[in-house]
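Novice: Chains as they are written, first to last, in the numbering used here: chain A, 1 to 330; chain B, 1 to 251.
Just to be clear, a hint being listed does not mean it is correct.
[Unchecked claim] Far from chain B, some chain A residues (derived; all Cβ distances over 10 Å):
1) ALA23
2) VAL44
3) PHE197
[Stated by the list, open to error] Chain A is faced by these chain B residues, among others (derived, beta-carbon under 7 Å):
4) VAL32
5) ILE88
6) THR90
7) ASN94
8) THR112
9) ARG123
10) TYR244
In case anyone wonders, no lab produced these hints; they're calculated from the structure.
Because the structure is a prediction, the values reported are computed rather than measured.
Here a beta-carbon is modelled for each residue, glycine too, at the ideal position from N, C-alpha and C.
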Amino acid sequence: MTAAAEQIAAPHRHLEAQIRWRAIETVFWLATLLPLVASPSYLVLASQIAITALFALSLDLILGYAGIVSLGHAAFFGLGAYTAGLAAKHGWGEPLTGLVLAAGVAGLVGYASSFIIARFRHLALIMITLGMGLLLLEAANSASWLTGGADGLQGVRMWPLLGTFRFDLWGYTAYAYSLIVLFLTFLLVRRLIHSPFGLALRGIRENATRMPAIGASSRAHIRKVYTIAAVIAGIAGGLLTQTTETVSLGVLDFQRSADVLVILVLGGAGRLYGGLIGAIIFMVARDQFSGINPQYWYFWIGTLLIAVVVFLPNGILGGLNRLMSRWGNR
Amino acid sequence: MSEPALATRALNKSFGSLAVARDVELTLPRGVRYALIGPNGAGKTTLINLMTGMLRPDAGRIFLGPDDITRLEPEARVKRGLVRTFQINTLFPNLTALEAVTLAVCERRSLTGTWWRRLPAHRDAVDEAYGILASLALGVHCHRLTRELAYGQQRLLEIALALATRPKVLLLDEPAAGVPRDESAGLFAAIAGLSQDITVLFIEHDMNVVFRFASRIIVMVRGRILVEGSPDEIAADAQVREVYLGGARHG
Chain A
1 MTAAAEQIAA
11 PHRHLEAQIR
21 WRAIETVFWL
31 ATLLPLVASP
41 SYLVLASQIA
51 ITALFALSLD
61 LILGYAGIVS
71 LGHAAFFGLG
81 AYTAGLAAKH
91 GWGEPLTGLV
101 LAAGVAGLVG
111 YASSFIIARF
121 RHLALIMITL
131 GMGLLLLEAA
141 NSASWLTGGA
151 DGLQGVRMWP
161 LLGTFRFDLW
171 GYTAYAYSLI
181 VLFLTFLLVR
191 RLIHSPFGLA
201 LRGIRENATR
211 MPAIGASSRA
221 HIRKVYTIAA
231 VIAGIAGGLL
241 TQTTETVSLG
251 VLDFQRSADV
261 LVILVLGGAG
271 RLYGGLIGAI
281 IFMVARDQFS
291 GINPQYWYFW
301 IGTLLIAVVV
311 FLPNGILGGL
321 NRLMSRWGNR
Chain B
1 MSEPALATRA
11 LNKSFGSLAV
21 ARDVELTLPR
31 GVRYALIGPN
41 GAGKTTLINL
51 MTGMLRPDAG
61 RIFLGPDDIT
71 RLEPEARVKR
81 GLVRTFQINT
91 LFPNLTALEA
101 VTLAVCERRS
111 LTGTWWRRLP
121 AHRDAVDEAY
131 GILASLALGV
141 HCHRLTRELA
151 YGQQRLLEIA
161 LALATRPKVL
171 LLDEPAAGVP
181 RDESAGLFAA
191 IAGLSQDITV
201 LFIEHDMNVV
211 FRFASRIIVM
221 VRGRILVEGS
231 PDEIAADAQV
241 REVYLGGARH
251 G
């Protein structure tokens, strides 16, 4: 009875409790520092994971929260990667402004395409995003005078980060840089998800028909979130360029769009940490499996994907969540 | 009082050769409780879809108060106070009842564009949403997911979502559809208890409910308004008897 009375007194308390920062989150982010103090031989992999996690976080915003399915999200990753690469190649190797530039170009293209995206759903949307991705890949391929085509963009030279930290061979700077950008972006996304705008995105995912009937302009929301997701994907692409000092056509490849979707489904779409956990599992699995059998490692990813979708429809995080709540009910 | 809350003029709509709205002329004064009745396929839901902008009329005009809203998008009509509910639950399955109604409140207050403030910081919006749920006896269930609510509670949530938009005109498409008869009385009592500033039009098949809660009744047949009048006039109308009894004889 008292519990019910408290509820009535302050319904917002319950909402606050749901979104508060948990101890396990602190543990998670502290754990991401381990590669810096442990063996430096994993630093390169750790950077790749952080960048992939950022890319997956971007897809989570549109797919996991707003329900916009995309099979061409690599388009924005690639735009960011080439923008950062071209800036560095043509004499501007400053990392932070390069990253802002990468985000800006990806965001502009994202905003322009969002007007098409907001008009479609489901299969049509998958085909449109797929088409956009392929279009950009072939454009980059044919414009070899600009992008280097299939040979990749050569001559990307980065200046030291903040004028002090060189991108060292071990990858200390690369990992610290990627991790900080990931963490800051994560904080922003976390805030966005817990705002009224984030609630509206979930509303679109849950029932796009009802949204106009409560006075909501779904299209305006979709345009906004798609642009934000494009910006974040562009930052992830820019990070990859800056930390590896090279750009290949692979940044725009369909495989990249498909992989990030797999990562998100593995980890758990519509959950803040889904893309992060998914990226860790996917990248570590790829590292291990490709060591054992470089040709057929997708066999194992395929097996893992089917197992997760069949047994854990809400991804690994969703499964863990269910396990925890069962544990709590005992 | 002279100006109608909602009016249609010569509204027409056809799907191919099937005319679903023929010269529909409707005038709803402020604050009335209208029932819209008619046999299945008469075009009742279609009329709601036309008025709320979910369908475009082939011809005719729609007025909300003094304003011509014929060309407005559905969400713009909602913002001006023309709101509907759905015959088949059209809710947000994985939002809690409180989240869903808070979403509607935030949309009305144009808060959903902001992403830098947390939802609980908009405490008055959350409190308002809770107040609406409590007024419909959903207060204790407000933290449950919509899909976990009982069917009758989901029907109430349909109405709660509509109320959160602060409607001037409320169009209820069979609000008690699928609700057991003893529960539907409670649901209509909630509707009858709405502010007298709100004009209500509801579609309903149960004639007991219609005659108990409606101050005026409109009868639609094959896309056309057959007759409009007070419950007594409708009960005595020979044409209406013909439609209902005649229809029963054929089908």
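Novice: Look at each hint and say if it fits the structure.
Specialist: Taking the hints in turn, this is what the structure says about them:
With a closest Cβ-Cβ approach of about 19 Å to chain B, A/ALA23 is found to remain outside the 10 Å limit, as its non-interface label requires. The claim that A/VAL44 lies off the interface holds: its Cβ sits roughly 34 Å from the closest Cβ of chain B, which is beyond the 10 Å cut-off. A/PHE197, annotated as away from the interface, has a beta carbon of chain B within 10 Å; the closest lies near 4 Å. Residue-level restraint check for B/VAL32 is violated (minimum Cβ-Cβ distance to chain A is 22 Å; threshold 7 Å).
The beta carbon of B/ILE88 comes no nearer than 10 Å to any beta carbon in chain A, farther than 7 Å, and the hint placing it at the interface is violated. Taken as an interface hint, B/THR90 checks out: its beta carbon lies about 5 Å from the nearest beta carbon of chain A, inside 7 Å. Look at B/ASN94: its Cβ gets to within about 6 Å of chain A, closer than 7 Å, so that hint holds up. Of the supplied interface hints, the one on B/THR112 holds, with its beta-carbon coming within about 4 Å of a beta-carbon of chain A, less than 7 Å.
Taking 7 Å as the C-beta contact cut-off toward chain A, the hint placing B/ARG123 at the interface holds, the least distance being around 5 Å. Checking B/TYR244 against chain A by beta carbon gives a least distance of about 31 Å; that is not within 7 Å, so the hint is violated.
This entry does not satisfy hints 3, 4, 5, 10, going by the numbered hints stated previously.
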